[in-house]
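*Asks:* As a plain string of letters, each chain reads:
There are 2 protein chains.
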Amino acid sequence: MTKKPTIALDAMGGDHGPDVTVPAALDSLERNPDLSVILVGDESELKKRLPADGRFAGRLSIHHASERVEMDDSPAKVLRNKKDSSMRVALNLVRDGVADACVSAGNTGALMALARFVLKTLPGIDRPAIISAVPSRHGHTHMLDLGANVDCTAENLYQFAVMGYELVRALENLDRPRVGLLNIGEEEIKGNEQVKQAYKLLEDSYLNFIGYVEGDDIYLEEVDIVVADGFVGNISLKTSEGLAKMIGEALKQSFGRNLFTKLAGLAAMPVLSAFKKRFDPRQYNGASFVGLRGIVVKSHGNADRVALANAIRMAVIEVEKGVPMLIGQRIESIFADSQGDESKRKSA
Amino acid sequence: MTKKPTIALDAMGGDHGPDVTVPAALDSLERNPDLSVILVGDESELKKRLPADGRFAGRLSIHHASERVEMDDSPAKVLRNKKDSSMRVALNLVRDGVADACVSAGNTGALMALARFVLKTLPGIDRPAIISAVPSRHGHTHMLDLGANVDCTAENLYQFAVMGYELVRALENLDRPRVGLLNIGEEEIKGNEQVKQAYKLLEDSYLNFIGYVEGDDIYLEEVDIVVADGFVGNISLKTSEGLAKMIGEALKQSFGRNLFTKLAGLAAMPVLSAFKKRFDPRQYNGASFVGLRGIVVKSHGNADRVALANAIRMAVIEVEKGVPMLIGQRIESIFADSQGDESKRKSA
Numbered sequence: 007m008t009k010k011p012t013i014a015l016d017a018m019g020g021d022h023g024p025d026v027t028v029p030a031a032l033d034s035l036e037r038n039p040d041l042s043v044i045l046v047g048d049e050s051e052l053k054k055r056l057p058a059d060g061r062f063a064g065r066l067s068i069h070h071a072s073e074r075v076e077m078d079d080s081p082a083k084v085l086r087n088k089k090d091s092s093m094r095v096a097l098n099l100v101r102d103g104v105a106d107a108c109v110s111a112g113n114t115g116a117l118m119a120l121a122r123f124v125l126k127t128l129p130g131i132d133r134p135a136i137i138s139a140v141p142s143r144h145g146h147t148h149m150l151d152l153g154a155n156v157d158c159t160a161e162n163l164y165q166f167a168v169m170g171y172e173l174v175r176a177l178e179n180l181d182r183p184r185v186g187l188l189n190i191g192e193e194e195i196k197g198n199e200q201v202k203q204a205y206k207l208l209e210d211s212y213l214n215f216i217g218y219v220e221g222d223d224i225y226l227e228e229v230d231i232v233v234a235d236g237f238v239g240n241i242s243l244k245t246s247e248g249l250a251k252m253i254g255e256a257l258k259q260s261f262g263r264n265l266f267t268k269l270a271g272l273a274a275m276p277v278l279s280a281f282k283k284r285f286d287p288r289q290y291n292g293a294s295f296v297g298l299r300g301i302v303v304k305s306h307g308n309a310d311r312v313a314l315a316n317a318i319r320m321a322v323i324e325v326e327k328g329v330p331m332l333i334g335q336r337i338e339s340i341f342a343d344s345q346g347d348e349s350k351r352k353s354a
Numbered sequence: 007m008t009k010k011p012t013i014a015l016d017a018m019g020g021d022h023g024p025d026v027t028v029p030a031a032l033d034s035l036e037r038n039p040d041l042s043v044i045l046v047g048d049e050s051e052l053k054k055r056l057p058a059d060g061r062f063a064g065r066l067s068i069h070h071a072s073e074r075v076e077m078d079d080s081p082a083k084v085l086r087n088k089k090d091s092s093m094r095v096a097l098n099l100v101r102d103g104v105a106d107a108c109v110s111a112g113n114t115g116a117l118m119a120l121a122r123f124v125l126k127t128l129p130g131i132d133r134p135a136i137i138s139a140v141p142s143r144h145g146h147t148h149m150l151d152l153g154a155n156v157d158c159t160a161e162n163l164y165q166f167a168v169m170g171y172e173l174v175r176a177l178e179n180l181d182r183p184r185v186g187l188l189n190i191g192e193e194e195i196k197g198n199e200q201v202k203q204a205y206k207l208l209e210d211s212y213l214n215f216i217g218y219v220e221g222d223d224i225y226l227e228e229v230d231i232v233v234a235d236g237f238v239g240n241i242s243l244k245t246s247e248g249l250a251k252m253i254g255e256a257l258k259q260s261f262g263r264n265l266f267t268k269l270a271g272l273a274a275m276p277v278l279s280a281f282k283k284r285f286d287p288r289q290y291n292g293a294s295f296v297g298l299r300g301i302v303v304k305s306h307g308n309a310d311r312v313a314l315a316n317a318i319r320m321a322v323i324e325v326e327k328g329v330p331m332l333i334g335q336r337i338e339s340i341f342a343d344s345q346g347d348e349s350k351r352k353s354a
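Sequence lines, in order, name chains A and B.
When you read off a place in the first sequence, starting at 1, and then add 6, the result is the number in this note's numbering.
When you read off a place in the second sequence, starting at 1, and then add 6, the result is the number in this note's numbering.
No lab work stands behind these hints: they were computed from the structure.
Check each hint, because a few of them may be wrong.
For identical chains, the list gives no copy identity; a pair is met inside one copy or between any two copies.
Below, a list of computed lysine-lysine pairs in the DSS-like style, where the Cα atoms sit at most 25 angstroms apart [as the list claims (entries may be wrong)]:
id: 1; residue 1: K282; residue 2: K268
id: 2; residue 1: K251; residue 2: K282
id: 3; residue 1: K88; residue 2: K202
id: 4; residue 1: K196; residue 2: K89
id: 5; residue 1: K327; residue 2: K206
id: 6; residue 1: K268; residue 2: K258
id: 7; residue 1: K258; residue 2: K282
id: 8; residue 1: K196; residue 2: K258
id: 9; residue 1: K202; residue 2: K327
id: 10; residue 1: K196; residue 2: K126
id: 11; residue 1: K88; residue 2: K268
id: 12; residue 1: K202; residue 2: K83
id: 13; residue 1: K88; residue 2: K196
id: 14; residue 1: K327; residue 2: K10
id: 15; residue 1: K89; residue 2: K126
id: 16; residue 1: K88; residue 2: K10
id: 17; residue 1: K206; residue 2: K196
id: 18; residue 1: K282; residue 2: K83
id: 19; residue 1: K196; residue 2: K83
id: 20; residue 1: K126; residue 2: K10
id: 21; residue 1: K126; residue 2: K327
id: 22; residue 1: K196; residue 2: K54
id: 23; residue 1: K283; residue 2: K258
id: 24; residue 1: K258; residue 2: K202
This is chain A alone, in the form it adopts within the complex (with noise of 0.2 angstroms):
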């Protein structure tokens, strides 16, 4: 029997606050009988939201926190201010076992600095890292770190690699998935140092890896896990973002341009939704923080209820699957004894 998860959601965070939360809560409930969901915030204005017949009377229920982090809110000051935001209540509902996880579409680095700060690492974990999934063309390709480790060393890569693995073997229910270091091939010695000694450790590891992968490969390439430090990844991930912002913005405004056009775009009306549908970042919602000593999945901050759903959906998974327990497992017997043993390494 599988636990039935307890999920503590930062019901005041992200552009829409409440009018998006509660919502994506209701919609959460309605489709996972086995769910409960802790809306963390204001309680009277969360208090009108919720249905009027008392469904769900059982599972959902709200905790007031008085408090919000706005999203450009500085992680310094959030940390030391706010003790009663919503983000912060809803990690220590975490943090007291009376939640399996935190849901928040709030400001990211708040987020990252409260997490760290309130729930603490896992024991060998230098640093948490963010991992989220793209559509690639076998499925999807999942990437980390995304923002949360400017520079990172060698070692810091390895760790990021096995709570990837971790995370993505349980979210996707791969027995191997296959591991890729992010680097480039242009330059005669490829990669900076900290890769090329990354290249060693992962090879010399437990994880299926398959060596290097270059920026095309996320998409292009059967890998299921792209790691890179957090600069790199970032903008590896925003820069797709972008473009794929503006190629949607083109093909809408291409067939908008006249009459002709619009009769155009009518016939193929099903055709791209089909299309845009398979590619529809909603379904992509939710970021995981790995390395953590609790479950914490960050929306996007703009995210509508379909999509903070799948956030709530994704962050369900990980409590079913006990994600940072088989993290924290992993990395005490790579990295308990000796960072350098290598036959531990191998048979982890």
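The hints should help you fit chain B onto chain A, whose structure is shown.
*Replies:* Just chain B, lined up with the frame of chain A:
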């Protein structure tokens, strides 16, 4: 009167060699009556592809070279051996003033290594960089470095910005192109040390610096030049190539699924063609090597005649505008006396 340009074309370079290089040269000569082209490579192979009617006689010549650089040759090996490769001989012609620019679709690493060795960097330039344009919401964006320099100091990034600025002014006839520094927005203390220091240098410079840009801004923001180190720039560009390719394939597949979708595709064809044309990568073929004492334009290895002709056209503009001289003068005026001289930087 602008200079009549002579291009040394590495006629053996690229995936298709003379089958593409010769037709592209002929197209270019057809279009530009001021242009001369020297085809560098195997004389017998090239000769048989020349027009039988002897047109372009005074403007088209063959310069024999007995070797060719393969796509997987290591730059070090090419540098040591293959002294009579078409790539190297084409660069020699530029060095010796016989040609004004070299265009090659060959191995990027080898071309950069040879170009540095044969042509040398401009005085004051630490490292040459690779710059190219991508389509964007508002037109297009030039990005550098795209892979020549993996680890970069703040000063390197500053020099890239100056080189990109002078090139883009010339290529685009822009008075004050906007320069952005690629960074991430998620972290409390944004970016790594080099980026933060480069920010200060750029802020105090004569450049039209608009500050940090994120990955999505490459496509969505009004920025003309995006500066990054070669690792990040390459991965961002390759990520874009992979995503664009995947989307193109998926769109094609969507319309090819069955009779109905094919009919829809037929109706949408003119619109989709116009859309495709706008983002045709062949338009954007041609990456300039900047910071050298000569003009070198790298074409995609798999370029067809249309794409390669675009790379030649780019080289021609750089010749006409005297881009290396513009960059050299600027770098000299900024960096000649002291690298820390703020007043010079501002008034340069």
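*Asks:* Evaluate each hint against the coordinates.
*Replies:* Right, here's what the structure says about each hint:
no., hint, in the structure
1, K282 - K268, "both (17 angstroms within a copy, 17 angstroms between copies)"
2, K251 - K282, "both (12 angstroms within a copy, 16 angstroms between copies)"
3, K88 - K202, "neither (42 angstroms within a copy, 29 angstroms between copies)"
4, K196 - K89, "between (46 angstroms within a copy, 24 angstroms between copies)"
5, K327 - K206, "neither (30 angstroms within a copy, 47 angstroms between copies)"
6, K268 - K258, "both (10 angstroms within a copy, 20 angstroms between copies)"
7, K258 - K282, "both (11 angstroms within a copy, 13 angstroms between copies)"
8, K196 - K258, "neither (40 angstroms within a copy, 34 angstroms between copies)"
9, K202 - K327, "neither (33 angstroms within a copy, 41 angstroms between copies)"
10, K196 - K126, "between (35 angstroms within a copy, 22 angstroms between copies)"
11, K88 - K268, "neither (51 angstroms within a copy, 57 angstroms between copies)"
12, K202 - K83, "between (37 angstroms within a copy, 21 angstroms between copies)"
13, K88 - K196, "between (45 angstroms within a copy, 22 angstroms between copies)"
14, K327 - K10, "within (11 angstroms within a copy, 69 angstroms between copies)"
15, K89 - K126, "within (17 angstroms within a copy, 59 angstroms between copies)"
16, K88 - K10, "neither (31 angstroms within a copy, 68 angstroms between copies)"
17, K206 - K196, "within (14 angstroms within a copy, 29 angstroms between copies)"
18, K282 - K83, "neither (40 angstroms within a copy, 47 angstroms between copies)"
19, K196 - K83, "between (40 angstroms within a copy, 15 angstroms between copies)"
20, K126 - K10, "within (24 angstroms within a copy, 67 angstroms between copies)"
21, K126 - K327, "within (20 angstroms within a copy, 58 angstroms between copies)"
22, K196 - K54, "neither (58 angstroms within a copy, 39 angstroms between copies)"
23, K283 - K258, "both (15 angstroms within a copy, 15 angstroms between copies)"
24, K258 - K202, "neither (43 angstroms within a copy, 38 angstroms between copies)"
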